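Given the coordinates of chain A, assemble chain B with the ligands onto it according to the supplied hints.
Protein chains in written order, with the numbering used here: chain A, -5 to 245; chain B, 23 to 282.
None of these hints come from the bench; they were simulated from the model. Note that the structure is predicted; figures quoted are calculated from it, not measured. Accuracy of the hints is not assured; some may be wrong.
Straight-line distance between alpha carbons at most 30 Å, and here's what the computed DSS-like set of lysine-lysine pairs gives [as the list claims (entries may be wrong)]: (1) B:K244 - A:K39; (2) B:K244 - A:K71; (3) B:K161 - A:K161; (4) A:K161 - A:K180; (5) B:K97 - A:K71; (6) B:K97 - B:K197; (7) A:K71 - B:K52.
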Amino acid sequence: MTSNINNKNAVIVIRDLHKRFGNNHVLDGFNMDLYEGETLVIMGKSGSGKSVMIKCLIGLESHDSGTINIMGMDMDKVDEIELDELRTEVGFLFQGSALYDSMTVRENLEFPLRRHTKKFGEIGDGTPLVMEALHNVGLEHTIDLMPEELSGGMKRRIALARTLILKPKIILYDEPTTGLDPITSKEIVVLMKSIQEKYKTSSIVITHDVDCARFISNRMILLVDGINYAEGTFSELDASEDPKVRAFFKS
Amino acid sequence: MSENKSNISWLNSFLIETGELAYFTGRFFKEVFRRPFEFKEFLKQCYNVGNKSLLLVGITGFIIGLVFTLQSRPKMMELGAESWLPSMVSISIIREIGPIITALICAGKIGSGIGAELGSMRVTEQIDAMEVSGTNPFKYLVVTRILATTFMIPLLVIMGDAIALFGSFLIENIKGDVSFTLYFNEVFNSLDFSDFTPSTIKTFFFGFAIGLVGCYKGYYTKHGTAGVGVSANSAVVEASIVLFIIDFVAVLIADIFYSV
Ligand SMILES: Nc1ncnc2c1ncn2[C@@H]1O[C@H](COP(=O)(O)OP(=O)(O)OP(=O)(O)O)[C@@H](O)[C@H]1O
Ligand SMILES: [Mg+2]
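If we strip away everything but chain A, and leave its shape as in the complex, we get (with noise of 0.2 Å):
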């Protein structure tokens, strides 16, 4: 299931990938890779695409030209049934947490769940799935709260635990850290990086928080202007002279 024709140990791979809204082309031939058990940060400037160019991977958004393809699977060829299985072995946390603000914590876990009773059984009361993911996450002790009632910081890692619990072998993260104060900040990308470590996940993570991309990057890429401006590792992008890429780590 894994392997890949192009490269051996890439889980995603995206070529040439094009998406236009009307006449803004947002994003103008991106090509990416994402091996496997590494942690790729995608940084780019406010509007550059970066949420459409992973909605696009996840099948959210359609694509207009390009390539995308998930652990062997051409997201152009894969049926309804083929999308379901990928889609418990892609994770997607949202920018905005996106929990289902008409249920409980309890329930907001239980859903992904409940579609995938092949992978996990059918789900019972006080599932230990659910208590794995919130100690994971630290937060036992909301289990019957409604997500109206937790802070931004614990909604996000309520988010993070729902998008754990159904095992991802790849986990996209859209700006985990955004909106949230630095020591907040901190303890997510902390939480990420132990997660990676347990589960052995590959992750993309957008965000455009340097000490993020610092602490929890194995490789970086730069989106600009619709295109993979600039690659490699933290230190090699802090070095490089080019203004467009000292842009983002000026601070």
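Okay, now just chain B with the ligands, sitting in the frame of chain A:
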């Protein structure tokens, strides 16, 4: 000139809207027969529909029964047709007033509620979150809500009719000393299937339209939080228009069937 232009763009957006609504309806019928059926969510939505509108429908029905009888009574007395009052009131309520008033109230209460709820789920990406977690949000959110309104609105109409008739009876009882048995004997003697059947069938369409328009507006909400209000509002307006169109068509059809 410019008025002409705005008329064209109005017509244009009307046609687009109609087309999209038709597509949405088609998608509903495609998904409604596919497993898994979200039965638990369907029941929850039925409960919601009933719970939200029961009191409102009851109160309006009651008042309409009262007012309608109070206002027609003097005229009927003048004509010496006082004994026809129960049958006249019941026929008007069951054929037309009950269904349309109840449906309009539900469009205001339920339709806008659905529009706002799905709208806020859309703009906060909860619908996308469902999709990526492998649950078909159209089946889970839209199909269950449309089915719930389709089955619950007819029940609410029947209840509204009954309460309106009871209100009418109260006036007759107080003003004209008509007993409960006498009043309802009159009512049931004057009603036949041609009063009851077409108006009940059309209430299913009313329910369907309320759910459909509410879901359609909510599901395709754009422009962030401000868009949620727009969706809720236009759900009510459009559902009301659709209700009157259905009502008109239903009366035309019933007329063909029963006027032989
Ligand atoms: N559904 C849409 N319709 C039209 N334009 C869109 C849509 N979604 C995104 N865009 C446009 O695409 C561009 C990229 O948006 P995107 O949300 O990907 O930015 P981003 O890089 O994630 O920014 P941020 O860091 O602020 O989240 C923006 O110019 C936006 O206006
Ligand atoms: Mg974004």
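Here is how each hint holds up against the structure:
1. Using a Cα cut-off of 30 Å, the hinted pair K244 (chain B) and K39 (chain A) holds, with the two alpha carbons roughly 23 Å apart.
2. Distance hint between K244 (chain B) and K71 (chain A) is fulfilled; the C-alpha atoms sit about 29 Å from each other, no more than 30 Å.
3. Restraint check for K161 (chain B) and K161 (chain A): satisfied, since their Cα atoms lie roughly 25 Å apart, inside the 30 Å limit.
4. A threshold of 30 Å between alpha carbons decides the hint, and for K161 (chain A) with K180 (chain A) the separation of about 23 Å falls inside it, so the pair holds.
5. A threshold of 30 Å between alpha carbons decides the hint, and for K97 (chain B) with K71 (chain A) the separation of about 73 Å lies outside it, so the pair is violated.
6. The suggested pairing of K97 (chain B) with K197 (chain B) holds, with an alpha-carbon distance near 14 Å, which does not exceed 30 Å.
7. Pair hint K71 (chain A) plus K52 (chain B) holds up; C-alpha atoms about 22 Å apart against a cutoff of 30 Å.
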